[in-house]
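Undergrad: Given chain R, work out where chains U, A and S should sit, using these hints.
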Amino acid sequence: MNFEFSDEQVMLRDSLSRMLDQRYAFESRRRIMAGQAETGIWSELVDMGIVAMPLPEACGGLGGSASDIVAISELFGRHLVIEPLLPSVILTGRALARFDPAGPVPRWIADIGTGALRGAFAHEEGSGTGASSTLSTKLYEGEAGPRIRGSKKLVLGGGEAGVLLISALSETKAVCLAAVPADAEGIEVRRYRALDGRPVADILFHDVAVDRAAIMAGADAALEALLADARLALAAEAVGAMAVLMATTADFAGTREQFGRPIGSFQAIAHRLADMKIAYVKARASLLYIAALADSGRATSRDISVLKAQVGRLGREIAQGAVQIHGGIGMTDELPVGHYLKHILTIDGLFGNTDYHLREIGRVVASA
Amino acid sequence: MNFEFSDEQVMLRDSLSRMLDQRYAFESRRRIMAGQAETGIWSELVDMGIVAMPLPEACGGLGGSASDIVAISELFGRHLVIEPLLPSVILTGRALARFDPAGPVPRWIADIGTGALRGAFAHEEGSGTGASSTLSTKLYEGEAGPRIRGSKKLVLGGGEAGVLLISALSETKAVCLAAVPADAEGIEVRRYRALDGRPVADILFHDVAVDRAAIMAGADAALEALLADARLALAAEAVGAMAVLMATTADFAGTREQFGRPIGSFQAIAHRLADMKIAYVKARASLLYIAALADSGRATSRDISVLKAQVGRLGREIAQGAVQIHGGIGMTDELPVGHYLKHILTIDGLFGNTDYHLREIGRVVASA
Amino acid sequence: MNVDFDPSLEAFREEVCAFLDTAPTDAIREAGRKTTSVFAPFEATMEWHRLLYARGWAAPAWPVEYGGTGWSLEQRYIFSEEHWKRDLPPLLPNGLIMVGPLLMELGTPEQKRQHLPGILSGKDYWTQGYSEPSAGSDLAALSCSALADGDDYIINGQKTWTTLAHKANKMFMLVRTNRDGKKQQGITFLLLDRTDYPGMHIRPIIGLDGVAEQCEVFFDNVRVPQAGRVGAENEGWSVAKALLKHERGGAAHSPAIRRKLDAIRAAARDATASFGGPLSEDPVFQRDLGELEAEVASFEHVEKLVLSGHALADDPAMPSLNKVMSSELSQLLSIMMTRVAGIDALPLQLEALEVGSGVQPLGDPFSLVAMPYYLNTRAASIYAGSNEVQRDLISRNLQTVRA
Amino acid sequence: MNVDFDPSLEAFREEVCAFLDTAPTDAIREAGRKTTSVFAPFEATMEWHRLLYARGWAAPAWPVEYGGTGWSLEQRYIFSEEHWKRDLPPLLPNGLIMVGPLLMELGTPEQKRQHLPGILSGKDYWTQGYSEPSAGSDLAALSCSALADGDDYIINGQKTWTTLAHKANKMFMLVRTNRDGKKQQGITFLLLDRTDYPGMHIRPIIGLDGVAEQCEVFFDNVRVPQAGRVGAENEGWSVAKALLKHERGGAAHSPAIRRKLDAIRAAARDATASFGGPLSEDPVFQRDLGELEAEVASFEHVEKLVLSGHALADDPAMPSLNKVMSSELSQLLSIMMTRVAGIDALPLQLEALEVGSGVQPLGDPFSLVAMPYYLNTRAASIYAGSNEVQRDLISRNLQTVRA
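Residue numbers (the working numbering), protein chains in the order written: chain R, 1 to 368; chain U, 1001 to 1368; chain A, 2001 to 2403; chain S, 3001 to 3403.
Please keep in mind that the hints were generated in silico from the structure rather than gathered at the bench.
SDA-like mimics (lysine to any residue), calculated; alpha carbons at most 20 Å apart, straight line: (1) A:Lys-2183 / R:Glu-257; (2) A:Lys-2183 / R:Phe-259; (3) R:Lys-138 / R:Ala-182; (4) S:Lys-3241 / U:Phe-1259; (5) R:Lys-173 / A:Phe-2275; (6) A:Lys-2085 / A:Ala-2023; (7) S:Lys-3112 / S:Gln-3226; (8) U:Lys-1138 / U:Asp-1202; (9) R:Lys-138 / R:Asp-211; (10) S:Lys-3183 / U:Gln-1258; (11) S:Lys-3182 / U:Gln-1258; (12) S:Lys-3182 / U:Gly-1260; (13) A:Lys-2182 / R:Glu-257; (14) S:Lys-3085 / R:Ala-368; (15) S:Lys-3183 / U:Gly-1260; (16) U:Lys-1173 / S:Phe-3275; (17) A:Lys-2182 / R:Phe-259; (18) A:Lys-2123 / A:Ala-2023; (19) S:Lys-3085 / S:Arg-3029; (20) S:Lys-3183 / U:Phe-1259; (21) A:Lys-2085 / U:Ser-1367; (22) A:Lys-2183 / R:Pro-262; (23) A:Lys-2183 / A:Leu-2147; (24) A:Lys-2182 / A:Leu-2147; (25) S:Lys-3182 / U:Phe-1259; (26) S:Lys-3183 / U:Pro-1262; (27) S:Lys-3241 / S:Leu-3139; (28) A:Lys-2245 / A:Gln-2184; (29) A:Lys-2241 / R:Phe-259.
Here the structure is a predicted model, which means the values were calculated and not measured.
The following block holds chain R by itself, in its conformation from the complex (with noise of 0.2 Å):
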C-alpha cells in the first residue's frame, strides 16, 4: 500500500503551487474575476502540460491517471481556480476520447488539449444528481439526420465552450452521449455565474442537428466514467479547499484575541477547531484512498459517493466552522473565508450532493 502521491506527481504540485501562490493570490483572483485583469493563467496551465495531462496519450495528451487529476485538483481547490480544467478537459475532453475517433471529434480533441478549444459538459437537467435515469433530452432521428432537443442547466464554462457534450436519450431511450459546435443552430445560451464564481450556464437544444460521426450510443459506461472524473475531481477541489479554511482559521484563532487572549484559547473555540481536523483528516484520507483505488481501475460507484458525500458534509461543517470562528469578519466577501464556503456549498450541489450520495450509499450497502 502507498498512499503518497508519487516523486513526478509531488514536482508537478510544486511547480503549480509556486505559479498559483504568485498569480493566483486572493487579490489577483478578485481583479481576474471583477474583469479587472487579463489572465494567462490558462495559457500558463497548458505551458505547464496541465491541460493536456487528463487526456490519453492516443489522443496527445499525457495519460494522466486518477491520481494525477486529484492531484492537480486539490490544488485548484486551495487557490480556488476557476480555469476551465474541469469542464474542458478532465469531461469532455477524456470523455470525447473513448469516442471513435472519426468526424470532427480528434481536432476537437486535440484542441483541447492545446487549450485552443473549450469544452463543456451538458448534462444537468434540473435533479442535482447526476443520475442518467432523470435525463429526458431527446436525441432523435430527424429528417436530415440526428438531432438534438432538451435543456440543460448549470453548464460548467457552457457560457465559454466552443463544443458541448450533451447527455440524451435515444428513441430507444439508451443513454447517449453527443457533441456539437457551441454555435450550432438551435443553441440558446443563458449565461451567469454560480455562487462560487464558476461561469456557467443554462443552454436549450432547439433540435439541433449533430454529426453523426459525434455521437457515442450505448453510452452509460462511458457517463459512469466521466461522472467518477467529475465527483472525483470535485471532491479533490473541495479537500483543498478545506485545507486552506483549517490553516487559516487555525492561524486567525491563534492571534485574534478577544478578553485578553487569542480566541483559540477558548475551549469551545479549541474544541470545534479539533472537530474541523478531524473532519479534514477524514475527507483527505479519504479522498487519497480512493484515488489509488481509481487508480487501480477498482473505484466502485459507492467508493466515489463515499467520497463526494464525504467532502460534501465534513467540507460544510469545516467552512461553517470557520466562518463562525472568524465572526463579523468571516461573513465579509473580504476575507477568502466565505469564498472557500461558497466553492464547498457549490461543489456540493454538483453531480449529486451529500444527501443523495449517502442515500445512494444506503441504497446499495443495505442490500449487499
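TA: Same frame as chain R, but now just chains U, A and S:
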C-alpha cells in the same frame, strides 16, 4: 393563556413529592426493586387519591384531566417510580371507562380505582410504533362465543395484572378492544423486566374466551385516546427524569474538581450543560403546552407525536450528556444517573420511538 | 391550564388581517418576499413603516403616550403572526426596538422630544455603532474615543458592523471617554443626530451574500454635541445593558420561524425528490421536516409560555436561551431551504434579488432567496453576542424551573 | 499510489482463515457473539488466548524474540480483519498491548523473564491500577501512596476503574512516592505479582449494563517488593507515557468497527421497518446507514494511510484523532444497533448474556447484545483520556499534513 399548574395540582404535587422524597429515595427504590423491602407505595398512592384520579367521576374516579396526569407522571419520572399507575389506571382503567358499562367491566373499573385490581394494556406486537395498522391479534367468533388469539410483547405490568385489556382485529379487520381476566384459560405469561426495571411481560393468547360484554368494537377512537394518554404520561415521566439529570449534573460539575478546578468551569463542559438546559427548556415547554392543548381537547396526534419525539430526542441528549459529564462514576449502577438514562431510553421505545414520531410528523406536515 | 388567547382577541385579529391584506404596496410585498436577512430591503421597508405609522401601528411595543399601540403581549404576537404569514417585510429594528425604548427609559425630556417622533414615523433611521475591529464579542474592549471639548465631544476611531449605516441618518454609539480602571468603566453612550458630520466616513462592506448590509464608520476628529449623551459620562456600559434588555425582551421570534417552515413545506410540494416523486412525499425529507417541525413547535411553546407569564419567563438565562434557539433554528431552516431549492439555489442572482429590478429569477422565488438567506443567516450565531458567549451565560444559570 | 496489500499476503490470509475457522471452541464462539465491551467475556477469552498461544499467534504485535509473531502491520491488519469477521472475542489487552510491550522497552531482564511468558501464554491476567476517585481525567492528581521500607513498598490508598481486577492475578499501578514539586513528579510505576496481598481488597462495581467489569481496589498497608518497580522511583509518569504510546500505537480499530456495521446490515435485512417492509429497504434507514458507512469508510481510510506509512502517521495528534474517531464511531454504531433491534432491545436479559448460561434470549442474538453494547460503549468517550481531553490535545496540533 395559562400554563401553570392549578393550585389544586400544585398541592397534590407537593404532597406526592414529600411522600416520594421520604419513601422512594434512590436507595429505598433499589431495595424495593431488589425485593429486599416491602413497598407500601401503591396503597399510599391509593390513599392520596392518585390512583383514582385519572378515572372519570362517573366511575368513582376524580375525573383527572390530561394536565392532572402530567402533573403526577412528571413526579413519577423524577423519582423513577415504577408503580403501575400508567398500565393499570391511566391506560386500562380509563379505557374501560369508555366501554359500555355491562358485564364485569364496571366492577373492574371500580377495583382498579381502589387499587385492589391491577390492569395492563396488551397492545404491542413487535413494531414498537403503537400504530393500529400493525395489529395481527385476532378477535373471532368461536363456537361458544368470542375468542382471542395472538401474542403481545413488552406489556407493562402484564405479569401482575388481574385484568388484561387487549387490542385486536375483528374478523372484518375492525380495531377492537377486549378485556379478560388474567387467569383466563389459554393465557401464557412470560415475565421479565424492561431496561429501566419496570416489570413487563410477553403474553400469548391461545384462543382465550372473552365475555361479549367486555368487548368494544369500532375502537379506533378509543385506541387513539389510549395511545395519546400513554404518550403524554410517558413524556411527562421523561421530562421529570430530565429535570433530575439536569440538576444533579449541574451540581456535580460545580463540585467535582479535576486539574484544580470544578469541571463545570471548563467551557466544553459548561457548553454541554448549556445545551442540556436548552434541551430541557424545550421539552418541558412542549410538555406543558401540549398538556394544556389536551385539557381543551384539541391536542392532535401531530402534537402528541411532537411531544413524544422531543422527549425521546432531547431526553437522550440530556441523559448521554449527564453520563459523559459524570465520567466513570456515571457508568456505574450505583449512581442514579444511569438509571435515568435507562428510564428515558425505555420510554422512548414505548408506543413509538423518536424516529417513528418524527416521520409521522413529517408525513402529516408535508402534505398539510 | 388554558392554551387559548383571550377569545376577545379574534376581532382584533380580523382587524389586523384586513389592514395587512390591503395596505401594502406591490413594492412592499416584493420587499417582503425578497427579505433574506433580519434587515429587510431598506427603502420599501421604510415605506411600509410609514404606512403602518399612518395607521397607528408602527410601534406595537411602545406605550400609547409615545404613540405606540399599547397592545398586550398577546396582541403583539397575533400581529406578528399575521404579518409574517403575509411575507411582509419586518420593520427595521434599531429605532423601534432598541434606541426608542431606551430613550423612554433613560433619555432626557429633550432627547425624547427630539428623537422619538422621527423613530415612530419612520422619518429617521438609526444605525448602531458598537463593535470595533478589536472589540467584537469582547465589546467592552472598545477604543473609539470621545474627548470633551466645550459643549461637544471630539470623536476619533472606528466602528464596524454598523448595520445600514450608509442608509441611516442617525447613529447611537458607544465611545471611550476614560481609559483608567476596568474596561467596562469609561464608556459613554452617545446619540448622533446626523451621520454626515465632517470627518465621518462610512464604508459599506459587501457580505457573503453579495449585499452591502454592514458598514465601517471612521471618525476623524468628528465634533458632536454633548447633548446627545444618554446617561452620565463613563456610564455608557449600563446604558447599553439597559438597551440590550429592550432588544432581547422584544418581539417573539417564533412567527417568523414558523413562516419559514411553511415556505419550506409549500416549496417541497412543488419540488422533485432526488429519487423521483414530489419531495413532500419523500420519506427522508419527511423525517427531516418532522424534526424541524418538532423543533419549531417546541420553540413556539417556549415563547408562548414566556408570553403567558409562566415562571419560565423569569429564568435569568431566558434571553440567551431564546437567542441560541432562534438563531440556530434559523440556520437549520436556511439549510433546509437550500436543500429544497436543490441546484436552483446555486445561481448567483444579485440583480433579481433587488426590489424593483424587474429581473426574472432563473428558478422560482423560493429558490431565489434560499442561498442568500442561508449565507446571511450564518451571522445569526455571531451577532448580538455570539452563541459561544450566550452558552457561557446559560451555563451560569443552570437551575431549571419547577413550577 | 497503490491500494493493495502485498499480494504475497493472500496465502497468509488463507492460513489465518483456516485456523480461525476451526480452532475456536463453541464457548469461545459464544463469547465472541456475546462480547458487548472492549473486554470480552473473561474465561472463554482467556481460553482462546491459550489456543492462540499454542498456535504461536497470541501476540501479533510482539517481536519474535519474545514469542511474538513478528508480523508486519499489514499482516496484523489482515489477522484482525479475519478475526473480527468471525465474531471471535478479542484477546484482553492489558497484558499483550500494555504491560508486555512496556516491559520489553523498560523492564529489567528479571522483570521480563518473570512476567512476559505468563502474559504471552495467557496464564496471567493484569489489571491496570491508574485512576482514583479524585484522579480521573486529571490522572497526575493521584494520591495512592507507596512508602519505601527496606526492600518493599507499603501501599495505602485506593484505585478505581481497575478493569477486571476481580479476575486478574497481576496488577500494574501508579503510586505516589513523593508529594513535593509538580504533581507529575513523585509518581512511581509498580508491578504487583499478586492481587491477593494481605491488605488488598477488591470490590467489583456493577456497570450500567449490569455487568461487573470495573472494580475498586483498596490498599491498607499492603507490603509489596520494590523489585516490581519499573523505571526509577518518582519517574513513573514517563513510564506511563511510554506505556500509553504502546497502547495507542496498537492494533487498528477499523476491522472491529466494520464488523459492527456488517452486523447491523445483516440484522436490518431481517428487521421490519416502522412503516412496514424490510428495514434494509426503508429510505430513512438507508440514508442513516449510508452516513455510517461513509464514516466507517473514512475511518478505514485513515487507518490504512497510517498503516502504509503515509505522512499522516507522523501527525502528533494521530493517537488522539484515532481515539476520538473510533470511540465516537463505536457509539454511533451502538445507537444504530439499538435502533435496528427496536423494542427487542428493551428487555433486560443479564442471564441470557452469560456465556454458557444456556438461557434463550427473548429476541434474536443481535437484539440481545444491542443495548448492553450501547450502554457499555458510553464509556468509550470517557476512558483512556476523555474525549474532552483528546480534543484539547488535538487543538494543540492543528497543522494538517500536506504531502
